[in-house]
Amino acid sequence: MTNDSRTVVVTGIGAFTPLGGDAASTWEGLVNGRSGVRLLEEEWATDIPVRIAARTAVEPGDVIPKHQTRRLDRSAQFALIAAREAWADAGFETAATAPGSTVDPDRLGAVVASGIGGVTTLLDQYDVLKEKGVRSVSPHTVPMLMPNSPAANVGLEIGARAGVHTPVSACASGAEAIGYAIEMIRTGRADVVVAGGTEAAIHPLPIVAFSNMMAMSKNNEHPQAASRPYDKARDGFVLGEGAGVIVLESAAHAAARGAKVYCEAVGQGLSSDAHHIAQPEPTGAGIARALTHLFESTDLDKAEVVHLNAHATSTPQGDVAEIKALRKELGDHVDHIAISATKSMTGHLLGGAGGIETVATVLALHHRQAPPTLNVDDLDPEVDADIVTGEARKLPEGRIAALNNSFGFGGHNVVLAFRTTD
Amino acid sequence: MATKDEVLSGLAEIVNEIAGIPAEDVELDKSFTDDLDVDSLSMVEVVVAAEERFGVKIPDDEVKNLKTVGDAVDFILANS
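Quick note, the sequences are listed as chains A and B, same order.
Going by full-length UniProt numbering, the first residue of the first sequence is number 1, and it counts up by one from there.
Going by full-length UniProt numbering, the first residue of the second sequence is number 1, and it counts up by one from there.
Treat the hints as calculated values from the structure; they're not laboratory data.
If you're wondering where the values come from, they're calculated on a predicted model, not measured in any experiment.
Hints should not be assumed to be uniformly reliable.
As the list claims (entries may be wrong) - In silico DSSO-like pairs for lysine-lysine, Cα to Cα no more than 30 Å straight-line:
no. : chain 1 : residue 1 : chain 2 : residue 2
1   : A       : K132      : A       : K260
2   : A       : K324      : A       : K232
3   : A       : K328      : A       : K260
4   : B       : K57       : A       : K302
5   : B       : K30       : B       : K67
6   : A       : K260      : A       : K324
7   : B       : K57       : A       : K394
8   : A       : K66       : B       : K64
9   : A       : K132      : B       : K64
10  : B       : K4        : B       : K57
11  : A       : K130      : B       : K64
12  : A       : K218      : A       : K232
13  : A       : K302      : A       : K218
14  : A       : K66       : B       : K4
15  : A       : K394      : A       : K232
16  : A       : K130      : A       : K66
17  : B       : K30       : A       : K66
18  : B       : K67       : B       : K57
19  : A       : K260      : A       : K302
20  : B       : K57       : B       : K30
21  : B       : K57       : A       : K132
22  : B       : K4        : B       : K64
23  : B       : K4        : A       : K218
24  : A       : K324      : A       : K302
25  : A       : K66       : B       : K57
26  : B       : K57       : A       : K130
The task is simple: from the sequences and hints, build the whole structure.
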């Protein structure tokens with residue numbers, strides 16, 4: 001890796017997830033195979049078909065004071081907590097706009113995405129309008145519900161003036177945000193970009209709506225066994241919530257300030273299916289095109305890839321299509337890739353998935369360890385690949401790379417690639 | 001009918017809840033925007049909460065005249 005201004009590295013990580021209130025506790029949960037899925041105990045959950053979800057392990061209101069939470073949608077609260085952790089982890093002590101900052105605010109960006117934005121704010125405030133009347137609707141409603149709110153709030157927090165962006169592509173949103181951030185640095189628009197994904201959609205309406213699409217697991221009797229990617233008995237995803245955020249930085253900028261470097265952010269592969277608004281393309285052709293784009297647009301060597309944090313949401317079609325795509329593009333190289341489906345533990349965070357799974361991928365390279373996949377009791381014979389089950393698995397020494405896949409309703413395919421620096 | 005002190009302490013509780021400013025810092029001569037971190041959106045919340053608490057109607061046109069805590073206390077006392 002060269003320390004030039006076009007090479008991008010990861011210098012900070014933050015996470016607020018169903019497994020923990022920070023990146024370290026989330027990682028501890030992932031490598032130990034801990035499930036964050038629970039039975040929903042809210043009254044509204046008693047009469048709906050899906051009564052399980054993966055709530056954050058910590059309530060954001062325990063971290064952020066009440067006068068701030070009342071003007072931030074839950075998704076923005078998650079993003080802000082994860083971004084603060086990542087920012088501090090990267091060694092930044094103040095906002096870029098504050099005196100003594102080591103980063104130029106005009107060269108600092110924020111790209112944070114969610115799949116649905118402030119959906120609970122929108123629905124809750126509609127309830128307020130109906131039940132309490134016009135005067136009681138919060139004046140913060142619009143800045144809370146707009147999908148760019150997490151990005152805007154993170155940008156305000158760190159003092160980002162190079163650009164604040166929110167790519168939206170359903171469950172690929174978080175990964176697309178990180179890919180966009182890598183390009184901001186690579187194309188010279190920024191030296192540092194805080195990027196990630198967040199989602200807070202545990203509310204009866206999204207749950208019922210996904211459930212009516214036949215997309216969710218209805219295994220209410222065994223919540224922790226419900227998210228079971230690659231298992232023959234998988235019956236849909238489990239909704240999770242939370243955020244994952246990383247600090248991306250040009251290698252030159254990181255070297256100049258002596259920052260610790262987790263790994264290189266090699267680049268992204270993008271494609272779209274042109275197949276169906278909600279169904280995955282069954283042969284995996286679209287995903288394979290995203291992989292092709294990745295390998296054509298970066299210097300990544302297929303032989304370097306030893307780990308994949310798969311999209312693998314535990315749906316019957318999607319899990320298999322992803323594996324077919326890997327085989328199509330990578331051929332026999334698939335056999336030396338240890339595949340982890342961490343949604344078996346965190347549930348599916350929709351637009352937050354790319355965020356927390358990027359944090360997981362970066363930490364997998366950092367610790368050279370691939371987290372296990374829970375609940376693979378009876379591997380689907382169509383899954384012709386090396387799935388890490390049971391215990392976490394050691395990854396090889398030397399220069400290794402890992403991929404993080406995210407795909408979204410609408411046919412959006414995003415592959416992110418990370419690589420160790422030695 | 002509330003006294004001036006009761007209105008002030010009631011408003012202080014509201015500002016504390018909405019802006020996170022300690023109630024004891026909410027004094028008559030303090031400016032909502034300059035001293036108490038109440039921006040224009042949060043001011044709408046303060047107004048609605050004050051209307052409920054003190055049983056007054058504070059018209060939208062009047063809100064711009066309520067620059068200090070004292071302005072709000074006087075308006076509430078005069079109109080409740």
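Now the hints, each set against the structure:
1. A:K132 with A:K260: violated (52 Å)
2. A:K324 with A:K232: Judged against 30 Å, a Cα distance of about 16 Å means the pair holds.
3. A:K328 with A:K260: violated (37 Å)
4. B:K57 with A:K302: Distance of about 69 Å is beyond 30 Å: violated.
5. B:K30 with B:K67: Cα-Cα ~8 Å, so holds.
6. A:K260 with A:K324: Not OK: K260 (chain A) and K324 (chain A) at ~37 Å, beyond 30 Å, violated.
7. B:K57 with A:K394: violated (67 Å)
8. A:K66 with B:K64: holds (26 Å)
9. A:K132 with B:K64: holds (25 Å)
10. B:K4 with B:K57: holds (17 Å)
11. A:K130 with B:K64: holds (28 Å)
12. A:K218 with A:K232: holds (15 Å)
13. A:K302 with A:K218: violated (38 Å)
14. A:K66 with B:K4: Roughly 27 Å separates the two Cα atoms, so the pair holds.
15. A:K394 with A:K232: With a Cα-Cα distance of about 26 Å, the restraint between K394 (chain A) and K232 (chain A) holds, given a limit of 30 Å.
16. A:K130 with A:K66: holds (24 Å)
17. B:K30 with A:K66: Distance ~22 Å between K30 (chain B) and K66 (chain A) Cα, so the pair holds.
18. B:K67 with B:K57: The hint holds at about 17 Å.
19. A:K260 with A:K302: With Cα atoms ~26 Å apart, K260 (chain A) and K302 (chain A) stay inside 30 Å; holds.
20. B:K57 with B:K30: holds (22 Å)
21. B:K57 with A:K132: Distance of about 16 Å is within 30 Å: holds.
22. B:K4 with B:K64: Holds, at about 21 Å.
23. B:K4 with A:K218: Given that 30 Å is the threshold and the Cα spacing comes to 58 Å, the pair is violated.
24. A:K324 with A:K302: Holds: K324 (chain A) and K302 (chain A) sit about 16 Å apart, inside 30 Å.
25. A:K66 with B:K57: Satisfied, since the Cα-Cα distance of roughly 26 Å is no more than 30 Å.
26. B:K57 with A:K130: holds (21 Å)
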